Amino acid sequence: MTDAQANQEPLFYKITSAQLTEALNTRVYFSRPPRPKISAVDEFLQNAYAINKLFLHFEAGPDLEMPAELAGLVVLGYMSAVESYLRKLTRHLIGIDDLVCQKFEQKPLSFGAALHLKKEMLPEALLENISFSDAAAVKELYRSLCDASNVPAELEAILQDYNRVCAIRHCCVHRFGRLGMNNAVQLGLQSHKSVVEHTFAPKASDLSMIANVMVNFVRTFNGLVFKAVLLNTVKHQYLSPKDTFSWKWSWTIRKDRSRFRQYYEMFAVQLDVPRSSSLSDLYFDFRASEKKKIDAKAAKAAKDAAGA
Amino acid sequence: MSAQVANQNDAASSDFELRADYIEEAVLENGTVTGDIYDQVHVALIDKTMCLVVGPRGCGKTHMMRYTWLKAIENKTLPLAIYVSFNRYLRLEPFLKTKVNALSYFQTWVLCRILHAMQDVAERLELWNFNAPAAVGLSSNDIDALISRLEKAATLTSAEERNANLISLESVGIAINALRVAAGRSRCVLLLDDAALTLTPEYLIEFFDVIRSLKSRTVAPKCSVYPGTTEYGPRFHARQEAHIIPVWLPVEDSHYLATMMAIGDKRFGLEAQKISEAARKQLAYAAFGMPRAYLSLLRDNATASGQQQQTLNKSIQQHRDGILAEYASLATKVPQFKTLVAKGRELFDAIIDVMRTANVNLIDERQLLIGIERPDFTPLTERMVKLLIEAGLLYEHPEVSHGGPDRTYRRFTPHIAALMAVRAFSGRSRGQSAAAIVDFLNSKPAKHPIRRKLNTLLSDKSLAEIRIDLPACQKCGTRRVNENQKFCHNCGAQLSDSSLFSRLMTLTFGQVPGLTPFLRSSMTKQGIKTIGDLLALDDPGTELRKTKYIGVQRSSKILVAVQAYIDEFLT
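Top to bottom, those sequences are chains A and B.
Those letters in the first sequence? Residues 247 to 554, per my numbering, in order.
Those letters in the second sequence? Residues 63 to 633, per my numbering, in order.
Since the hints were made in silico from the structure, they are not lab data.
Here the structure is a predicted model, which means the values were calculated and not measured.
Warning: the hint list may mix true and false statements.
To be verified - With the C-beta cut set under 10 Å, the calculated list includes, among others, these residues of chain A facing chain B:
id	residue
1	295
2	304
3	307
4	308
5	396
6	398
7	401
8	402
9	404
10	419
11	420
12	454
13	554
Even glycine gets a Cβ: it sits at the ideal position worked out from N, Cα and C.
Could you build all of it, start to finish, from the sequences and the hints given here?
What follows is the structure, encoded as structure tokens:
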């Protein structure tokens, strides 16, 4: 044995080898600036449709087979788009709605965030440790945003499917698409027992069903939160008055417009078809239905007073 | 003629009710023909099996169900019968476009309708201690509120949501059995009318899931559906799980004339005698197995003045035009079927043409059958033919094979009124008279059907043009590639279809076939221009009565007629 050979590392140290890596200049990677003011739901739809364009041509062309790896990436992309939507919506709501703000006041925030972030970005930091990778987290968020003890049946219904997508996501994130035992239990062990350890490789049309669940989930969530948040303003200001809000609906559009717009612009679909109804249509409809309740309450109070 | 009979006949000519939904019970009981096919239907409706009662509009499905229901109320030895109609299903269609939990709303509605009907039965049987809504922990008002809310396609309030949660398949199943025990019957049949739900296939699948779950040792569901539908969803296999009972009486049946004539006699009595026997027989053939059509033709002929033969021919032509208009209206209702409906009409015309030529050349036998080679059918042409069968324009006979699987024919008989309207049975030396036509139709059938290939009936160009007219992407205008597509493959946007029901609400009465000009003008004078206007009125009668000369009687008559057409149009 020569000296040179004696100084060499044993072969089994080097079963794999790697090349030189350059330092990552991550700052330049985030090259796309924030989009101009668009609603959370519009941003989600744009993201979702951009993901769709990556795989839908496989559905249109009968001869093309979609790579299984792409399917996993699409699911992850969708989860990311949904989470981004939920965070953006929450952040804005904390900023404009006193009741939602009050609900989140108790939550702890990291010292770094408190020290360095702008005030309007603080709520985003608040949610950074929360993941929306299962239905329970979404329900919790709904209850906080809407000051509700229960989740409406409509949301419950779509969350069942959402949870299934979350199970698939878990396989894609942690096991490169292979179905693990826990996820098989989540999806229904009886029917999934035979495909444990199989890899997620759907057809493009199946993947678009998953995409459809996610889009419908966001549309449903968006509609329900908008409704509940507006109803809560009336409840706290008129129906069972508390001093939660620092302002009050005046029921004249001239005075209420800017306040209503803050809600409207966060929830309305403007960039997709069909578009949401116009701001004034929604305002007048909101006023008509809520004034009826307020008037009925006043009439009942007057009657009770007369009776007493 | 006794005074009583005269009065009855008078009533028959002025207010004669053709739709079984609105027939008075006494008429239902005494005016029902028994014998052959209708007896078989009645027996099937009270037996222990699950069954599908199959037939096009107006062939007597509702009549037989209501008749069976009435008999079962009176006769303690029969099973308990609960009659429920689902003809308002389309009102829930908007949910499919707006709510992710549309199917659970639909299930609640189906079960509420059953509970509502159970309460009706309990009251009829004077079971005052039994309360169907209470059996699931609710009140009658709760059930009515849920039904009314869901039929407006409005979101349930949280209180209603809680009520809806109490109504489950289990709780309703238990309630049905409780009612059965209270009534002292050993079994129960659920007579589920208008269960075809043709315009909402999503609901059809859910419906049959519900029905399968309600089926038990003591509960046998019976559903009325249209012919042509063969797909009831992945979990319900019609041929294995249910007994299929045709109600549509084929004209080839040896008792066809006798049965139809008996129906006319029972319902019309002496009034029908005004029309000659030969003419009545011709009308019976022209009705193509549909009692409702026969009664309507009889009424038109009995009340018309003028030459009988002319009236007869005119009424048959009008009848044919009516059914073709009804069929064509499908393209208005479901725009996706526009091409299918148009090509189906071409096929139907071609069949009529071929059959006319065949009959004109025949001497002492008739030809009512056309056989089309089975392998010719693709999923699209299959769907086209289904629409014709569903509309009652083609009757499909059981399949026969002539040597090997390649020579399998599907055999059809086209609507007789359409053949009569082109004088298929009165050609050459045969006269135009009703007697001559009936004689010809009574002659022995030709030994073999006319055999054709689909591409000899329709040109290759026409066949190539058959397609489902899918709406383009609303965002970028790209055509869709298939029916089940969720997103546009070009721009990625979610594809959304407008609600069928909402669109139908904007139709004017001019687009609804079958309404008389008088009914149309009465409505439009009051500013009730669209179907939606009519359904939105809380009290449409009051609005109508604002017109001169229209009082309580007339307004209600107009409304019943319009409502009936609209209900039919919306199913």
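**Report entry** Broken hints, by number
**Finding:** Hints 10, 11, 13 not satisfied by this model.
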